[in-house]
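J.: Going by the working numbering, the sequence shown opens with residue 1, and the numbers climb by one from there.
Take these hints with a grain of salt, some might be off.
Unchecked claim - Distance condition first, Cα-Cα at most 20 Å in a straight line; then the derived SDA-like pairs of lysine to any residue: (1) K12 to M1; (2) K12 to L35; (3) K12 to E24.
To be verified - Per label pair, the in silico range of CB-to-CB distance: (4) G42 to G20: 19 to 27 Å; (5) M1 to V76: 17 to 25 Å; (6) G20 to S75: 15 to 23 Å; (7) G20 to P67: 31 to 39 Å; (8) L5 to E57: 16 to 24 Å; (9) D7 to G45: 18 to 26 Å; (10) K12 to V41: 17 to 25 Å.
Just so you know, the hints here were simulated from the structure itself, not pulled from any lab data.
Bear in mind the structure is a predicted one, so any value in this text is a computation, not a measurement.
Cβ coordinates follow ideal geometry from the N, Cα and C atoms, glycine included.
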Amino acid sequence: MAPILLDEAIVKTFVFHNDGRLYEGLVLNHQLLKLVRYFSVGERGEAFALGWSLNNEGWSGIITASPRRYGVWVSVDAQVSCDNISLFSDAPSGEHEEDIRERLRPQPLL
């Protein structure tokens, strides 16, 4: 299933605390979503691949887009783990699964 695509300018993001960690979040249709990862404009394909993969795994996800980045978001209840993301068949030749997992790992907020 295709992820919902929203203009980042129409959503309001905020930082919240959950299970001892800080997350960037947004609310859409009364549902709290957390950021999985931001992607640069040049990584558009990877952002959409991750959004599709998460939705195919059963996690309702959305993608936000701006002129400078894409964001992939899932429900705060989703137990998103890079171990469950199946993008590896689309990996560029020579890129190892561990490298992809590290690249997709959510970054902590500063």
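J.: So, for every hint listed, does it hold in this structure?
T.: Status of each hint after checking the structure:
The straight-line distance between the Cα atoms of K12 and M1 is roughly 25 Å, outside the 20 Å bound, and the hint therefore fails. Between K12 and L35 the alpha-carbon distance is near 12 Å, which keeps this suggested pair within the 20 Å criterion. For the hint linking K12 to E24, the alpha-carbon distance of about 10 Å falls within 20 Å, and the restraint holds. G42 and G20 have their C-beta atoms about 33 Å apart, which leaves the hinted 19 to 27 Å range violated.
In this structure the hint that M1 and V76 lie 17 to 25 Å apart at CB holds, the actual value being about 20 Å. One distance hint, 15 to 23 Å for the beta-carbon pair G20 and S75, holds here, with the actual separation near 19 Å. Separated by about 34 Å at the C-beta atoms, G20 and P67 satisfy the suggested range of 31 to 39 Å. Take L5 and E57: their Cβ atoms lie about 18 Å apart, and the range 16 to 24 Å holds.
Checked against the given bound of 18 to 26 Å, the beta carbons of D7 and G45, roughly 19 Å apart, stay inside it. With their beta carbons about 22 Å apart, K12 and V41 fall inside the hinted range of 17 to 25 Å.
Hint violations for this structure: numbers 1 and 4, all remaining hints satisfied.
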